[in-house]
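**Q** Heads up: the protein sequence lines correspond to chains Z and B, in order. So the first sequence is residues 37 to 299, counted in our numbering. So the second sequence is residues 37 to 299, counted in our numbering.
None of these hints come from the bench; they were simulated from the model. Fair warning: there could be bad hints in the mix.
Since the list gives no way to pick one copy over another, a pair counts as held whenever it fits inside one copy or between any two copies.
With a straight-line Cα cutoff of 30 Å, these simulated DSBU-like cross-link-like pairs (lysine-lysine) come out [stated by the list, open to error]: (1) Lys245 to Lys54; (2) Lys249 to Lys71; (3) Lys54 to Lys249.
Number of protein chains: 2
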Amino acid sequence: MCLDSVLSPSIIAGMMQKTAAVLIIGNEILSGRIKESNLGFLAAALNECGVKVAHARVIPDNETIIADTVNELRAAYDYVFTTGGIGPTHDDITTASVARAFGVPLLRHAEAEARLRAHYRHDESLLNAARLKMADIPQGATLIDNPVSTAPGFMLGNVFVLAGVPVIMQAMFDNLRHHLEGGSPTLSRSLEINLPEGTVAAAITTIQKDFEKDVEIGIYPLFRQGELGATLVLRSIDAATLSAATHAAMQAVTALGGSWKEI
Amino acid sequence: MCLDSVLSPSIIAGMMQKTAAVLIIGNEILSGRIKESNLGFLAAALNECGVKVAHARVIPDNETIIADTVNELRAAYDYVFTTGGIGPTHDDITTASVARAFGVPLLRHAEAEARLRAHYRHDESLLNAARLKMADIPQGATLIDNPVSTAPGFMLGNVFVLAGVPVIMQAMFDNLRHHLEGGSPTLSRSLEINLPEGTVAAAITTIQKDFEKDVEIGIYPLFRQGELGATLVLRSIDAATLSAATHAAMQAVTALGGSWKEI
Numbered sequence: 037m038c039l040d041s042v043l044s045p046s047i048i049a050g051m052m053q054k055t056a057a058v059l060i061i062g063n064e065i066l067s068g069r070i071k072e073s074n075l076g077f078l079a080a081a082l083n084e085c086g087v088k089v090a091h092a093r094v095i096p097d098n099e100t101i102i103a104d105t106v107n108e109l110r111a112a113y114d115y116v117f118t119t120g121g122i123g124p125t126h127d128d129i130t131t132a133s134v135a136r137a138f139g140v141p142l143l144r145h146a147e148a149e150a151r152l153r154a155h156y157r158h159d160e161s162l163l164n165a166a167r168l169k170m171a172d173i174p175q176g177a178t179l180i181d182n183p184v185s186t187a188p189g190f191m192l193g194n195v196f197v198l199a200g201v202p203v204i205m206q207a208m209f210d211n212l213r214h215h216l217e218g219g220s221p222t223l224s225r226s227l228e229i230n231l232p233e234g235t236v237a238a239a240i241t242t243i244q245k246d247f248e249k250d251v252e253i254g255i256y257p258l259f260r261q262g263e264l265g266a267t268l269v270l271r272s273i274d275a276a277t278l279s280a281a282t283h284a285a286m287q288a289v290t291a292l293g294g295s296w297k298e299i
Numbered sequence: 037m038c039l040d041s042v043l044s045p046s047i048i049a050g051m052m053q054k055t056a057a058v059l060i061i062g063n064e065i066l067s068g069r070i071k072e073s074n075l076g077f078l079a080a081a082l083n084e085c086g087v088k089v090a091h092a093r094v095i096p097d098n099e100t101i102i103a104d105t106v107n108e109l110r111a112a113y114d115y116v117f118t119t120g121g122i123g124p125t126h127d128d129i130t131t132a133s134v135a136r137a138f139g140v141p142l143l144r145h146a147e148a149e150a151r152l153r154a155h156y157r158h159d160e161s162l163l164n165a166a167r168l169k170m171a172d173i174p175q176g177a178t179l180i181d182n183p184v185s186t187a188p189g190f191m192l193g194n195v196f197v198l199a200g201v202p203v204i205m206q207a208m209f210d211n212l213r214h215h216l217e218g219g220s221p222t223l224s225r226s227l228e229i230n231l232p233e234g235t236v237a238a239a240i241t242t243i244q245k246d247f248e249k250d251v252e253i254g255i256y257p258l259f260r261q262g263e264l265g266a267t268l269v270l271r272s273i274d275a276a277t278l279s280a281a282t283h284a285a286m287q288a289v290t291a292l293g294g295s296w297k298e299i
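Sequences and hints are given; from them, build the entire structure.
**A** Written out as structure tokens, the structure is:
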């Protein structure tokens, strides 16, 4: 449950939507060796909390680049979520880079160390210097629990530092979402139509102008069984306005001789 | 074939590696509705041309943001590749935004228009104002052929503007790769090992230091049949150095009681 989901709808409707940037850290994503798969999850999960992902970036394992990017993004967006680079090996430099961004030292965190010691209690020799590094957290940071593999993430200011492995990142997100103060979730409705983009473009442009401030309309090509169609996606934080725009789009498609199916 | 793949190996080895940024444009990626799938292709295809993707960014359909980001990235990297936003609808604003970034007007391009007219020759009424917009190209740009759906991409300075639909983007890339001047492709070797990251971290850190300037080593966790292992990925532009580092890693894994398999 997100922090403000207990507020009444009228209060939520009056709140501005919060924004987030997702910072994906790792040479393996930029090289194409590993397919990025955290952005989609974070976009959907954050939207449920009324936080809109407005920017995403993929950068290499480079301390200066990470620190500079964290500072740029945390100044520009309400929240920053980083993924990747918090494990035990030499290329896991996200934690040190975030400490540098905030100008604070890395300190051995007693609770994080205790969790690692409990995790490796069957063979303490496994808790070597490399693994103990995962208990070093920037001064002032709060741990984010990792129920999958123990080594925690952390939050510092408006920056949330998460693992890169999707199953761990998702478990961490469930343990931080109650800290987020969001606005209204964006609602969406989607129509599959049997007319290509170029045929409906002018009509949908008119509808977009009519609902300029309140509804965002996207049109995407759709290839199915050799036929060209399109998907219309309408988004708004207000259900009634969204419904009015969606009906206008349905009528426009029908007027052009096409048909639509809500999906 | 990339431009310099006809050069001799000794000339290639002396060339610096070129860098690229990938700029993914579209609200539908940031909302999580569509999964990003072009970065991996571009990373691999550019590496074949000796161009390293060093940065990627996902931004919304916003003209100011697109123009500012194009200007930031084209100054910082040898090449910029944009995907998305060059279709016929109101949310396709990449072309106009790139023109703004370069401070040049959009002009109706005779060749692009001729191609669209040929494409719609069976029913000229389909070539409405929205579709004709796809023949408006920034002044000074060179067309990039689109064998899938006719409407071209374009290159302007060091910026390559491509479609977002993967099959079209990939076809466009095949039509532009001969324009790229790259360096040596990055070679890679990968080892799957049956020891977890934390166990090999110190030994691999030593090898990374030994080969600091010439080899980049990544270590990633591997979960298989309930067992924790790791994948080592070693990268270099020099095959002999890469081989030496890979053998050092193999020996280190063996010395720690583990086994490796080259994949």
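**Q** Indicate, hint by hint, whether the structure satisfies it.
**A** Hints, one by one, checked against the model:
1. Lys245 to Lys54: within (24 Å within a copy, 43 Å between copies)
2. Lys249 to Lys71: between (35 Å within a copy, 26 Å between copies)
3. Lys54 to Lys249: Classified as within: same-chain Cα gap 17 Å, cross-chain 42 Å, threshold 30 Å.
Violated hints: none; the structure is consistent with every hint.
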